[in-house]
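Taken in order, these protein sequences are the chains called A and B. FYI, the numbering for the first sequence is 1 to 291, going by our numbering. FYI, the numbering for the second sequence is 1 to 197, going by our numbering.
For the record, the hints were derived by calculation from the structure and aren't laboratory data. Note that CB positions come from ideal geometry on N, CA and C, so glycine has one too. You may find that some hints are simply not true.
Cβ-to-Cβ under 7 Å is the rule here; a few derived chain B residues that face chain A [to be verified]: (1) 108; (2) 117; (3) 119; (4) 123.
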Amino acid sequence: MFAKRIIPCLDCKDGRVVKGVRFVHLRDAGDPGELAEVYNREGADELVMLDISASREGRATLMDTVNRVARKLFIPLTVGGGVRTLEDARRLLRAGSDKVAINTAAVETPELITELAERFGNQAVVVAIDARRIGSAKQKTGNAKMEIGKSKEGNLRVSNFQSPVSGAVSEEAAGTTWTVVTYGGTRPTALDAVEWARRVEKLGGGEILLTSMDADGTQAGFDCELTATISRAVRIPVIASGGAGGPEHFAEVFLRGAADAALAASIFHFETHTIRSLKEYLRERGVPVRI
Amino acid sequence: MIALVDYGAGNVGSVLKAVQYLGFPAQPVSSPELLAGAEKIVLPGQGHFGAMMKALADRRLLTTLRKKIAAGTPYFGICLGLQALYESSEEAPAVTGLGMLRGKVTRFQALPKVPQVGWNQLQIRRADGLFRSIADGSFVYYCHSYYGPVTPESVAVTEYGETYAAGVQKGNIWAVQFHPEKSGEVGLRILRNFLEK
């Protein structure tokens, strides 16, 4: 049985884990080494570390953090944030990372994807795509905001993901498009997210880490339409990110969103939910997981 | 000395880290002279079948590797280190493999997502040696587009649309398609089984 992956994300700044709500307000959620060990013990399938200050500050702290985290970690580790050159990637891989995530640099210099893949192998190249809705965006954003209150109360959306998997999402998504944004969501581009995802695959990207900028930080659920659309457009795995607020959101993104993996930060850092309890929840609902 | 064959690509660093964590002295080896003195050999492959066979040949490691394996030195292949044991691979049809296992390495066809990236279960067929103390159904971490066919030497298999060799054992030759260095406690135990052999 091939398992869907649950991936905690450590957003790091100056050697500490922080998590932004829409990348702007930061709360301190602890030490990366400590968190990595807890997640490893709880059954995380992989770990992602994103250095959110990388483009502005020195990377010495990050290398040290990666090294410290990797030393005792025997599950895959992906590190991203400010990776712009082969040399950046080489240093991270040498520090103990298994994969590097590139985002803005890939959009600005798509050949970098190919260069990285040729040098380190496709498996080491995770291309992060930050996407924002344009078609029918108004309605969707409205929904997402309303659901914040709902998700806090619990399982109001449980019935959704027990409906048949196929078809529904792609029909719903017809007419909707997403555009790629860069620089932590601050800069829009003219790139269509689906087109970009297909190109990323052709260029040699090994996996896509797909963040919905509409859902990110809301804890109102992943953008299943976006995830399903991208996941069905490519053959490489798609990791859904942005919006996880409760176990039901993970079930949704696997069953309706065709995600191969799902990533979240705050939901795990503040011990709202443990990885183990999340996986048990998913298993009961027929999502294959590693327990 | 435990030699980790370093042919310029691959995941030598993370395998070395895991071996050292388990308390065994090991060193990356990139010359035939050093490889000749190895008591145990680990080939931690990653990347392209053709590129690996060429890199091994370019570094004059291939002949020594064949000799050592033929002489009975314990060998542990990881990922491409397993695929190299077959006669050939679809990934590089013109390149010859080590030919210690019958058959040809082929590409996944049945499922939409290739490569297989993630955790999948072992169906253990022989529980001594490589899979000693490993529970049937244990999850291990895979990352590959090509796989080796099931042969009498397959001591564990996994299913990803197709059923393939997850672990092989043939005398002194042991190999796994998954990454034990990335498979948590289960992976470390499998690595230990080889190192303690």
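### Task
Could you tell me which of the numbered hints above are not met by this structure, giving the numbers in increasing order?
1, 4
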